[in-house]
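Engineer: Residue numbers (the numbering used here), protein chains in the order written: chain A, 1 to 212; chain B, 1001 to 1330.
No lab work stands behind these hints, which were simulated from the structure alone.
Heads up, the beta-carbon is just placed ideally off N, CA and C, and yes, glycines get one too.
Since no wrong hints were added, every one of them can be taken at face value.
No farther apart than 30 Å at their CA atoms in a straight line, the calculated lysine-lysine pairs in the BS3-like style are these:
| id | chain 1 | residue 1 | chain 2 | residue 2 |
| --- | --- | --- | --- | --- |
| 1 | B | Lys-1240 | A | Lys-50 |
| 2 | A | Lys-27 | A | Lys-74 |
| 3 | A | Lys-73 | A | Lys-62 |
| 4 | A | Lys-142 | B | Lys-1199 |
| 5 | A | Lys-50 | B | Lys-1244 |
| 6 | B | Lys-1290 | B | Lys-1219 |
| 7 | B | Lys-1290 | A | Lys-179 |
| 8 | B | Lys-1199 | A | Lys-55 |
| 9 | A | Lys-132 | B | Lys-1199 |
| 10 | B | Lys-1219 | A | Lys-74 |
| 11 | B | Lys-1219 | A | Lys-41 |
| 12 | A | Lys-74 | B | Lys-1211 |
| 13 | A | Lys-109 | A | Lys-133 |
| 14 | B | Lys-1264 | A | Lys-74 |
| 15 | A | Lys-73 | B | Lys-1211 |
| 16 | B | Lys-1240 | A | Lys-74 |
| 17 | A | Lys-73 | B | Lys-1244 |
| 18 | B | Lys-1219 | A | Lys-85 |
| 19 | B | Lys-1240 | A | Lys-73 |
| 20 | A | Lys-109 | A | Lys-97 |
| 21 | B | Lys-1211 | A | Lys-41 |
| 22 | B | Lys-1199 | A | Lys-133 |
| 23 | B | Lys-1211 | A | Lys-50 |
| 24 | A | Lys-109 | B | Lys-1290 |
| 25 | A | Lys-85 | B | Lys-1199 |
| 26 | B | Lys-1199 | A | Lys-41 |
To give an idea of the interface, some chain B residues facing chain A are shown, with a C-beta separation under 7 Å as derived from the structure:
| id | residue |
| --- | --- |
| 27 | Lys-1199 |
| 28 | Asp-1320 |
| 29 | Leu-1322 |
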Amino acid sequence: MKVVGDNKYFFITEVLDSEHKGWVEVKIDDLIFRKLPYSTKVELLEETSKYQRIKILDGYFKDHYALLPYQIKKNNTTYSYLSSKLIYNPNLILKLKANTLLIGGVEMKVIFDLNNIKKGIYNIKFPILTTKKMNNYFLEMKGGSRFAESWFPITIADELYIERYIHFGTYSYGCVTVKYDPTIIPGPWQLLFITLMTSRKSNNVLANLIIE
Amino acid sequence: MGQIISFSWINTNILFLVLSLAIVSNSIISLFYSAFKLKWPDLYFSVNDMAAFFISVSLKRYLAFRFIPVFLILTVVLGVFMKDQSISIATSAGMICMGVHALLSNGKAIYDLLKRSKNIKIYFNIAYQISLHVITFIFLIILGFLSGFLSKTSFVNIITPTIQGLTDNIWSALLTVILIEYLRLLYTEKSIDIEEVIKRSKNNIEPDIFKMIDYVSIKFRASPTLLKAICIIENIQRPKWVRKIENIKSFLRQTGTYGIMQVKSSRPISDLVSIEIAAENFFADTADMKSYETIAQKITNYNDSVQYRDLVIRAINYLDPLNGLYESSR
Chain A
1 MKVVGDNKYF FITEVLDSEH KGWVEVKIDD LIFRKLPYST KVELLEETSK
51 YQRIKILDGY FKDHYALLPY QIKKNNTTYS YLSSKLIYNP NLILKLKANT
101 LLIGGVEMKV IFDLNNIKKG IYNIKFPILT TKKMNNYFLE MKGGSRFAES
151 WFPITIADEL YIERYIHFGT YSYGCVTVKY DPTIIPGPWQ LLFITLMTSR
201 KSNNVLANLI IE
Chain B
1001 MGQIISFSWI NTNILFLVLS LAIVSNSIIS LFYSAFKLKW PDLYFSVNDM
1051 AAFFISVSLK RYLAFRFIPV FLILTVVLGV FMKDQSISIA TSAGMICMGV
1101 HALLSNGKAI YDLLKRSKNI KIYFNIAYQI SLHVITFIFL IILGFLSGFL
1151 SKTSFVNIIT PTIQGLTDNI WSALLTVILI EYLRLLYTEK SIDIEEVIKR
1201 SKNNIEPDIF KMIDYVSIKF RASPTLLKAI CIIENIQRPK WVRKIENIKS
1251 FLRQTGTYGI MQVKSSRPIS DLVSIEIAAE NFFADTADMK SYETIAQKIT
1301 NYNDSVQYRD LVIRAINYLD PLNGLYESSR
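Working from the sequences, and respecting the hints, build out all of it.
Structural biologist: Here is the structure:
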């Protein structure tokens, strides 16, 4: 067992491959298995031959403890999911107007209904893994994305009940849907997922969305 | 009657045959009831539980469920294996086989009742319940006799195969199944999933290799994703055991390509050293390269095979979509 020294703040980074699709499964509080997304900030507490014990510093499981397995483990050598390097964008703002989502200089076609989602400033929160079947949207050579199952809740102020999301695929009621187009390669969701996950406004808010 | 029931046949071979039949027939009976229980659980009730006699829908149903299957199974089994035996042996075998079944079912139930075991439900009068089991036990023995008798009739003789015929049929069926499965596997279009191959190679690489890549990426400003992708592909083409053989081969001829990065050297070098050499010589200053052309050229400089280049690019896309390179985006 190795207790970690001064350099103890890390990020979950080695999960962008097609196997992990941006998430890694950990054991929270020695009780339940849950997945943490790419760029989650953690404090590394100790390392054993089987796992790394971490304290989660942002997202839905903030301040909980977890056991993180190794990405690769052979004999007594290991390779972690963690990296000490990740740069956050602290002030990312997305703008949505007339079915176009603007991220920096990049435009994406989206579908949404102003009757169901009002103009205003929304918080884009940490993603969740949808239970909807998204198998049709994984193929990246046909405009899909390995991150298709990651949906970002959007809320106004301190709204508690979340039923609106930014997500990829086809239109769903009350949501902002980044349109799936098999002719656009690579698909837009790749960039949007990574851009949002490398942004932080607070512990659970990644960025703001302004709907005009 | 004495000729029909007789135990004068008892000798080692026949005894062995009868005991084998007892095992076979009871196994088939057990399989039948297990399958019935799985398929129609709402119709099934334990053959041990005489309470079913009272609780079940009808006497006819109970009799049909309890006795007809065992009678038919035993008759067929005896019909196959008793073709060359006398009627006395067949009837005796029938009674023995059915006796074994009765012991395992009703005999066990009687034992559980006497022991007040929790395995069996005791309804109102225990003596009455036991006596019902005893009657069933006796009836089953009689049924065993009838099975043996019936198995020697010309009708059963015709419809049941001989042992040789049964063996031939089993072999034919087995060979047919094997042949069909082979042809199915042969002609089913099943392409190799390259992502699965990449994934397995990545998960099979020594962790120290990836740690070395992280180190040399900083040292030589190399793209870690590119280096990892190349290692993954090299690990597929030359797994660790092959690289070990190459090191052994160096006793005969020292100069060759060594390590996971297949670096040319006058002496064997380790995987980790080969990574450092390759990163410095081939992949320095690739950290900020994003375009397909520049990356493809770097790969080609290292290995000029077009197929190799395409595999490395697939591995890059697998590892990191941000570094993803797509031909259609060129």
